[in-house]
Amino acid sequence: MPAAILVALKFIFVALVYLLVWRVATAVAEHVGAKPWRVLGGPGTGLTVVRSDTQNGLEFDVRRPIVLGSGSEADVRIDDAYASDLHARLDPEEESLTLEDLGSPSGTYVNGKRVTAVVALSRGDSIQIGKTVLEVK
Amino acid sequence: MSRPAEIVFVCASGGLAAFGVLLVNLAREEVRAMPALAAFLVLAVAFGLFLVAIRAWAPDATPLLIPAASILAAVGFVTIYRLDENLASLHGWWLLLSATMSALWLYAVSEKGLGHRGGGWWPLLALAAGLVAIPSLGADGGTIWVAWRSAPAVVLNPGEIVKFVMVALFAILLAERQAFFSAGGRYTAPLRPARVTTVWQSILLLGLVLVGVAVRDSATAMIVVGMFCVMAYMATNRSAYLVGGFGAGVLWLVAGPWLSEGLQTRITVWTDPWTQPEGPGNRLAEGLFGLAAGSLSGTGFGLGDPDLIPESTTSLVFAAVGEEMGLAGTVVVLAAYALMVVTGFGIALRAREVFHKLLAGGLSLLLGGQAVMSVAGVVGLLPGTAMPIPFLSYGLSLTMAGFVILAVLARVSHEERV
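The listed protein sequences correspond, in order, to chains A and B. Residue numbering for the first sequence follows our numbering, beginning at 68 and increasing consecutively. Residue numbering for the second sequence follows our numbering, beginning at 511 and increasing consecutively.
This list has only true hints and no planted wrong ones.
Covered by chain B, according to a simulated footprint, are these stretches of chain A (three or more residues, beta-carbon under 8 angstroms):
1. 71-77
2. 81-95
Counterexamples of contact, computed for chain B against chain A with all Cβ distances above 10 angstroms:
3. I517
4. A548
5. W604
6. A613
7. G623
8. V735
9. M744
10. G754
11. E771
12. T775
Read the hints as simulated data drawn from the structure, not as lab findings. All residues carry an ideal CB built from backbone N, CA and C; glycine is no exception.
All chains, full assembly: derive it from the sequences and hints.
Below, the structure written as structure tokens:
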């Protein structure tokens, strides 16, 4: 085997290792450093019930898409007569937490405004479902 | 990174190993397809099995753990194959065995999770103490490893397992007794006097285990003490632990040579390896020669002389990689390690439970610390601390410890995401 070909193959091998490590590096950067919003359990990914007859102080983090509602199929049960069985959906998206009303008759309100489309939430936003109020922490 | 991408990485690492093995054989003017195929199968099956176990028993774990480890294992496999074909085939079995063991561990904890620890941390301490004692029971009492006379290549190094056990132990101890360590050892209200006594007893026992380690393997003892100090800092935010750990390290470097003749030789060699290049300075000198011969891009697989470097498949594997892949190869190997450590710390940062945080943080630190100390030993930054690197070096205990660390990180990541 001519030495020149071996040298070329050597460079190809090292280049392949670099290519693979580069791909891992970009994936790790996406996951860890580049988007601090996505740090689960960090600011803006948790909610606290601040007004409710029975659930004051209830806290939970949104680590995957979850559905709020009064039904047994909801991920987080809202004990409120005005809440629908499956009332609203929270999703930890790329940039921030998002909220979507699932067609509830009584509606979902963010900072007093009725939710008609998917809305991005920020820390301190208040979400109203029936008489229950939750705050993004 | 998506789950399908993980499968691509597993196959790519197998392909990388096969390509490397092919290059080694081409340099020897041989065209052999079977070793390349075997290399592909070993890497693909070992990491494929581990991937299947993660999908089954830790499905929400981050997909970033396997890729970097599989790339390192591929580079390590090629380097070992280039140095000793028989050792490489054994290493292939170790990879498969380690992947199987860690898959079984994932299955074992899948029901009750990491939080269920049965009898607490005493069994772990007993295991660590027992592992430290193993080498003295073997034929080569006083060494840090155990070998079988009938199969000298099958070497068990309990120190590798001790490090892992110690990190788990520190995580449990610090998580359960956080208030005690935050108060710097003084009596604190949430702890009843009986519990304080238990803590002191455990510290005494830890000390005894450490002395046992230090007698045979001072580098492992340094890592274990360092791990405790950093993990205690992580748990309590008290910088006194870091200062104390640093102080202990300096004291060990200053006072160690008077206490141990071996350490004295190591420091003499470290300050000037060229005065005794054929004697004790041989490891450091040959390692530096290897790195120098590799220069920027390396000699190419099979074209250098890494077999002149002592322990080139274990402690000095970094020098062997440096000789045949050059600075370019060593940089990318360190980058892959850094990515594994960053991923591990990412898992620790996301964790909510203190125990999970400490366990993930401690294990990431162990992976990174071991790589840094090994490389520092090879390039002469630290005296004689060259130690094998998980996934890159040959060794059953080491490979097993590497896979188990990945499995624990995967489990923590899974439990924190669901």
